[in-house]
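Asks: Sequence:
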Amino acid sequence: MSTTHHTTRRFAETPVQKAALVFGIVFFIVGLGGFIPGLTQDVESLQFAGHESHAMLMGVFQVSILHNIVHLLYGVVGVLAARTFGGAKQFLIWGGAVYALLWLYGLVVPDEHAANFVPLNAADDWLHFVLAAAMIALGVLLGRRAAHATHDRR
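The sequence shown begins at 1 in our numbering and counts up by one.
In short, the hints are calculated from the structure, not lab data. Keep in mind the model is a prediction, meaning the values are calculated, not measured. Be a bit skeptical, because a hint or two may be false.
Said to hold, decoys possible - Each computed SDA-like pair below joins lysine to any residue, with the alpha-carbon atoms no more than 20 Å apart:
no. : residue 1 : residue 2
1   : Lys18     : Asp111
2   : Lys18     : Val130
3   : Lys18     : Val76
4   : Lys18     : Leu142
5   : Lys18     : Ile136
6   : Lys18     : Gly86
7   : Lys18     : Val140
8   : Lys18     : Val79
9   : Lys18     : Pro110
10  : Lys18     : Ala134
11  : Lys18     : Arg144
12  : Lys18     : Leu80
13  : Lys18     : Gly87
Claimed, not checked - Cβ-Cβ distance ranges computed for the label pairs, FRET-style:
no. : residue 1 : residue 2 : range
14  : Asp111    : Ile29     : 34 to 42 Å
15  : Asp42     : Pro15     : 38 to 46 Å
16  : Gly86     : Gly50     : 31 to 39 Å
17  : Ile25     : Ala133    : 14 to 22 Å
18  : Glu112    : Leu141    : 35 to 43 Å
19  : Ala137    : Glu52     : 19 to 27 Å
20  : Gly59     : Gly86     : 33 to 41 Å
21  : Gly86     : His113    : 34 to 42 Å
C-beta: ideal position from N, C-alpha, C; glycine also.
Using the sequences and the hints given, assemble the complete structure.
Replies: Below is the structure:
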């Protein structure tokens with residue numbers, strides 16, 4: 001008589017996977033929040049893109065439909081990336097790099113300029129800086145492989 005041994009893998013079992021999962025869930029919630037009256041002030045002024053949108057998530061962060069969709073997609077990618085060690089690490093590092101570029105873009109492009117298509121305001125800019133630093137740091141620090149690792153860490 002043979003016995004079949006099944007190993008069960010938990011979702012997001014390593015610290016880097018957990019971090020990617022948390023970021024993914026938060027991004028998704030923020031993306032949804034950008035469409036919800038009460039969480040977003042002046043939601044009726046929401047534009048697809050551009051600085052003409054006067055909708056403010058939590059009264060602080062300028063949002064547009066495009067901005068919200070990007071957060072929703074980032075959230076989905078983060079949750080999916082959390083399935084593997086490598087995916088989570090790459091999501092955090094490259095996702096953080098994208099936020100670093102957005103931070104720099106926001107510093108260079110004036111708030112009322114046509115090139116501010118996302119749109120971004122000063123609060124968005126500094127949040128993007130914090131997100132970039134946190135995501136890259138977590139991706140690098142938690143993404144180190146243990147010498148005695150037994151998990152599939154693609």
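Asks: Each hint: holds or not?
Replies: Outcome of the hint check:
1. Lys18 / Asp111: With Cα atoms ~35 Å apart, Lys18 and Asp111 exceed 20 Å; violated.
2. Lys18 / Val130: 19 Å, holds
3. Lys18 / Val76: 14 Å, holds
4. Lys18 / Leu142: 10 Å, holds
5. Lys18 / Ile136: 15 Å, holds
6. Lys18 / Gly86: 12 Å, holds
7. Lys18 / Val140: 14 Å, holds
8. Lys18 / Val79: The given pair, whose Cα atoms are some 9 Å apart, holds under the 20 Å limit.
9. Lys18 / Pro110: 36 Å, violated
10. Lys18 / Ala134: 14 Å, holds
11. Lys18 / Arg144: Distance of about 14 Å is within 20 Å: holds.
12. Lys18 / Leu80: Cα-Cα ~12 Å, so holds.
13. Lys18 / Gly87: Holds. Lys18 to Gly87 sits at ~12 Å (cutoff 20 Å).
14. Asp111 / Ile29: 34 to 42 Å: Roughly 25 Å apart at Cβ, these two residues miss the hinted range, so it is violated.
15. Asp42 / Pro15: 38 to 46 Å: 39 Å Cβ-Cβ, so the 38 to 46 Å window holds.
16. Gly86 / Gly50: 31 to 39 Å: For Gly86 and Gly50 the Cβ distance comes to about 37 Å; the hint holds.
17. Ile25 / Ala133: 14 to 22 Å: 20 Å, holds
18. Glu112 / Leu141: 35 to 43 Å: 39 Å, holds
19. Ala137 / Glu52: 19 to 27 Å: With a Cβ separation near 35 Å, Ala137 and Glu52 fall outside 19 to 27 Å, so the hint is violated.
20. Gly59 / Gly86: 33 to 41 Å: 39 Å, holds
21. Gly86 / His113: 34 to 42 Å: For Gly86 and His113 the Cβ distance comes to about 38 Å; the hint holds.
Comparing the model with each earlier hint shows violations of hints 1, 9, 14 and 19; every other hint is respected.
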